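In order, the protein sequence lines correspond to chains C and B.
Mapping of the first sequence onto my numbering: position 176 corresponds to residue 176, and the numbering continues sequentially without gaps.
Mapping of the second sequence onto my numbering: position 360 corresponds to residue 360, and the numbering continues sequentially without gaps.
Certain hints may be false.
Each pair may be met inside one copy or between any two copies, as identical chains are not told apart.
[Said to hold, decoys possible] Below, computed lysine-lysine pairings styled on DSBU-like, alpha-carbon distance capped at 35 angstroms:
no.	residue 1	residue 2
1	Lys297	Lys38
2	Lys270	Lys23
3	Lys246	Lys23
4	Lys150	Lys297
5	Lys150	Lys246
6	Lys38	Lys150
7	Lys38	Lys379
8	Lys387	Lys255
9	Lys387	Lys297
10	Lys23	Lys255
11	Lys23	Lys297
12	Lys150	Lys23
13	Lys38	Lys250
Because the hints were derived from the structure by calculation, they are not lab data.
Only a predicted model underlies this, so the values are computations on that prediction, with no experimental measurement involved.
Number of protein chains: 2
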Amino acid sequence: MNPSTSALLTDLYELTMVQAYLKQGMDEPAVFEFFVRKVPAHRNFFVAAGLEQMLDYLSELRFSQEELAWLDQSGQFSSRLLDYLETMRFTGDVEAMPEGTIFFPYEPIIRIVAPLPQAQLVESRVMNLLNFQTMVASKAARSVLVAGGKPLIDFGLRRAHGAEAGLLAARASYLTGFAGTATVLAGMVYRIPLYGTMAHSFVQSHENEMLAFQHFAEAQPENVVLLIDTHDTEAAAAKVVSLAGKLRAKGITVKGVRLDSGDLADHARKVRYILDEGGLPHAQILASGNLDEYRVKALVESGAPIDSFAVGTAITTSSDAPSLDCAYKLQEYAGRPCRKRSEGKATWPGRKQVYRYLADNGRLDHDIVTMNNDQLSGKPLLQLVMKNGCRLAPSPGLAELRRHAAAQLRQLPEALRALETAPAYDVRISSALRSLAQTVDRRL
Amino acid sequence: MNPSTSALLTDLYELTMVQAYLKQGMDEPAVFEFFVRKVPAHRNFFVAAGLEQMLDYLSELRFSQEELAWLDQSGQFSSRLLDYLETMRFTGDVEAMPEGTIFFPYEPIIRIVAPLPQAQLVESRVMNLLNFQTMVASKAARSVLVAGGKPLIDFGLRRAHGAEAGLLAARASYLTGFAGTATVLAGMVYRIPLYGTMAHSFVQSHENEMLAFQHFAEAQPENVVLLIDTHDTEAAAAKVVSLAGKLRAKGITVKGVRLDSGDLADHARKVRYILDEGGLPHAQILASGNLDEYRVKALVESGAPIDSFAVGTAITTSSDAPSLDCAYKLQEYAGRPCRKRSEGKATWPGRKQVYRYLADNGRLDHDIVTMNNDQLSGKPLLQLVMKNGCRLAPSPGLAELRRHAAAQLRQLPEALRALETAPAYDVRISSALRSLAQTVDRRL
């Protein structure tokens with residue numbers, strides 16, 4: 001059983017609603033849009049991610065015989081529903097902002113247009129996929145913005161929320177500008193560069209630290225990065241210096257050391273001095289240990305001689321905001337625009353487009369959200385990527401998405417690059433859209 | 001590719017360390033223990049969960065030919081490592097606290113004893129599995145404690161961190177005392193009771209709300225729970241009353257309504273009055289919408305006539321503490337106890353056992369953490385569950401684990417049941433263990 005591909009990874013009500021739609025013959029085109037209602041505290045923007053996995057999901061959605069048999073024996077579902085699910089394929093259209101695009105509250109980043117039962121059925125997993133990677137990418141971007149070009153590496157697998165989260169967090173952070181990940185599976189599946197050093201257990205399992213360093217270097221002569229905080233960081237740095245000479249005789253170079261605890265800036269300065277004095281000016285210093293964008297920023301600003309940062313839990317779980325206030329909402333059915341008006345959760349009706357306008361300096365100036373059939377002068381952010389269930393083009397690939405995300409981050413105005421809340425970006429709702437909302441309200 | 005079962009769902013350094021261990025012939029028994037360093041803010045205890053999936057992982061760990069081929073072509077690994085991985089099976093022992101057991105900081109909940117390369121290799125995924133379910137169970141328990149016996153239902157799939165997180169959050173919350181979940185796959189895989197109502201989109205796709213209610217009821221006559229907040233909650237409750245008569249004539253009973261926005265206590269009182277006056281005293285009220293343990297407690301204490309609560313994101317993501325400060329640490333190698341002494345991250349050495357002592361009222365009094373070969377009078381919490389890679393008994397099943405968890409929650413002293421920080425529970429480190437730590441320190 002693969003939870004990542006099971007069609008039953010959905011909420012029960014999706015099935016019961018589809019059953020009701022089928023009974024009523026309600027299979028006209030439905031338009032759903034995915035958007036986020038508000039930015040979390042201290043945040044200023046989002047980075048769209050997860051489109052690729054969502055398109056995979058839509059393309060490959062099938063109910064297996066085992067799943068159908070289980071639904072049948074549960075006695076809760078009509079044979080009409082089961083027949084429908086057996087042959088059901090996603091045949092709809094998808095418009096989307098490319099992954100890596102910066103966006104703001106109430107801007108749709110995905111629109112799905114499909115017969116109502118299909119568009120409804122996919123809700124749970126579409127949200128599950130888009131929420132997670134967009135959340136990680138939006139969090140990771142903050143570290144990228146403050147790292148001053150120093151490489152960031154994802155070390156978050158162990159505290160990611162399960163297997164898929166570990167794998168996709170590596171993807172979302174790499175897409176956003178990380179240099180790589182420790183998660184081996186992400187190397188195989190997405191060709192993301194892999195990084196790794198050694199664990200405290202490796203040191204502890206040896207009689208002494210020096211022997212551990214030596215054994216590690218001999219087994220990994222191409223990638224000697226030694227973890228030096230197991231007992232005493234500076235003492236270990238001195239051991240690295242003394243070992244380096246012997247290793248050099250064997251043709252092995254010490255590539256670097258990793259600091260994982262204590263005052264990282266202070267240790268980095270002392271260790272840099274020891275390494276430089278010991279003839280290892282090229283040995284790099286990697287810092288890790290409960291890092292997040294605030295600590296990375298402080299370390300960079302302190303001028304601490306740290307060459308790269310491994311960040312884990314804070315990014316992989318988006319620790320300060322471990323979910324987005326996102327929604328996948330019906331905006332039109334059978335040609336009739338609709339909106340949700342629940343208290344505090346109202347939405348803008350109809351099919352929408354987001355137009356982006358840049359200032360003269362090339363930075364973001366404002367966006368306009370309007371009806372899809374409006375033709376404005378700005379750059380439209382939503383593009384058709386799937387038609388009748390088929391992708392219009394092959395996946396762009398992570399290299400291209402990384403270039404796009406980097407270009408997007410360069411367009412951020414200074415204020416929005418801050419780690420603290422800036423004045424909200426100017427997102428305008430067009431008068432056409434406002435008047436459509438009034439029309440819908442009058443009808444209801 | 002199934003990320004949940006791939007042997008490559010691991011950190012790169014696990015592979016490079018195993019390569020080094022093999023090169024040195026270091027395959028003596030290693031003892032690793034998993035524990036949590038500290039309780040998150042406002043928390044008082046943890047609930048152990050994830051053992052079952054961890055044992056599955058250890059039992060089924062295999063490197064596929066495709067994975068081995070990928071590792072080989074990467075050029076980073078020795079043929080000795082690849083040969084080892086090809087035939088590698090987990091042959092170690094596991095001692096564990098049963099799932100559902102309450103535990104506290106620095107108490108090991110899992111001990112793995114295996115040849116060093118094996119015990120090292122499994123680190124990343126063991127932590128990934130134990131961290132997540134223990135985190136969710138520990139969070140879910142807080143809602144269970146304040147719900148006053150009212151059913152709690154997991155609605156968290158859409159904002160869970162990926163597929164496996166959605167599935168396992170349903171399991172962890174059910175284990176801890178939830179009544180069920182909306183996640184269909186959890187019904188199939190774990191036989192967890194499924195719950196569901198309807199979405200706003202169902203109402204919106206109809207010409208009017210009344211018609212939507214009618215269609216839903218006719219398609220789901222056995223489970224008519226109507227969502228009534230799409231436009232105006234009380235007006236919708238009146239529609240439910242007026243519809244109920246017509247449905248009764250068709251033999252259909254309105255089972256309940258769902259409130260999803262606004263002041264839930266206020267809406268519940270008004271809706272209860274409308275339903276009662278309208279002859280529907282048995283129709284239940286389910287509340288949902290950004291609920292967490294604090295809101296559940298406030299609603300229960302307010303006396304609002306809510307019959308059950310659907311909670312989602314807050315539990316599934318453990319929103320206030322989306323990870324545990326957990327560790328999987330080497331405590332002994334080749335018969336030699338060891339410990340990590342890194343700043344702020346020191347551990348107790350050796351194989352340990354946790355003894356629990358109850359007060360006269362049957363509630364938890366204190367625990368003693370000591371060396372495993374100590375024989376104390378209290379109840380030892382760690383039990384051997386796997387020997388030489390084989391389970392000693394079949395999985396206990398969720399029904400039994402639920403009984404155990406419920407019994408454990410009943411043993412919580414009043415102070416620890418609070419949603420705010422109580423004085424820390426009394427966990428004593430035995431003098432034998434302290435003196436072992438001194439001995440280890442002297443050796444280092």
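Do the hints match the structure? See the list:
1. When the C-alpha separation of lysine 297 and lysine 38 is checked against a cutoff of 35 angstroms, the pair qualifies both within a copy, at 25 angstroms, and between copies, at 26 angstroms.
2. In this homomeric assembly, lysine 270 and lysine 23 come within 35 angstroms of each other (Cα to Cα) only across copies, at 33 angstroms, whereas the closest approach inside a single copy is 73 angstroms.
3. In this assembly of identical chains, lysine 246 and lysine 23 lie within 35 angstroms of each other by CA distance solely across copies; the values are 19 angstroms between and 78 angstroms within a copy.
4. Taking identical chains as interchangeable, the C-alpha atoms of lysine 150 and lysine 297 lie at most 35 angstroms apart only when both belong to the same chain, with a minimum of 11 angstroms there against 46 angstroms between chains.
5. For the homomeric pair lysine 150 and lysine 246, the shortest alpha-carbon distance inside one copy (30 angstroms) is at most 35 angstroms, but the shortest distance between copies (68 angstroms) is not.
6. Taking identical chains as interchangeable, the C-alpha atoms of lysine 38 and lysine 150 lie at most 35 angstroms apart whether they share a chain (30 angstroms) or sit on different chains (32 angstroms).
7. With identical chains, the CA atoms of lysine 38 and lysine 379 are at most 35 angstroms apart within one copy only, with a shortest distance of 23 angstroms there and 50 angstroms across copies.
8. In this homomeric assembly, lysine 387 and lysine 255 never come within 35 angstroms of each other (Cα to Cα): the closest approach is 50 angstroms inside a single copy and 41 angstroms across copies.
9. Taking the closest pair of Cα atoms, lysine 387 and lysine 297 never come within 35 angstroms of each other, the shortest separation being 43 angstroms inside a single copy and 48 angstroms across copies.
10. In this assembly of identical chains, lysine 23 and lysine 255 lie within 35 angstroms of each other by CA distance solely across copies; the values are 20 angstroms between and 66 angstroms within a copy.
11. For the identical chains of this complex, lysine 23 and lysine 297 are neighbours neither inside a copy (57 angstroms) nor across copies (40 angstroms), given an alpha-carbon limit of 35 angstroms.
12. Taking the shortest alpha-carbon separations for lysine 150 and lysine 23, only the inter-copy value of 34 angstroms comes in at or below 35 angstroms, while the best intra-copy value is 58 angstroms.
13. Taking the shortest Cα distances, lysine 38 and lysine 250 never come within 35 angstroms of each other, neither inside one copy (58 angstroms) nor across copies (44 angstroms).
Hints 8, 9, 11, 13 from the list above are not met by this structure, while the remaining hints are.
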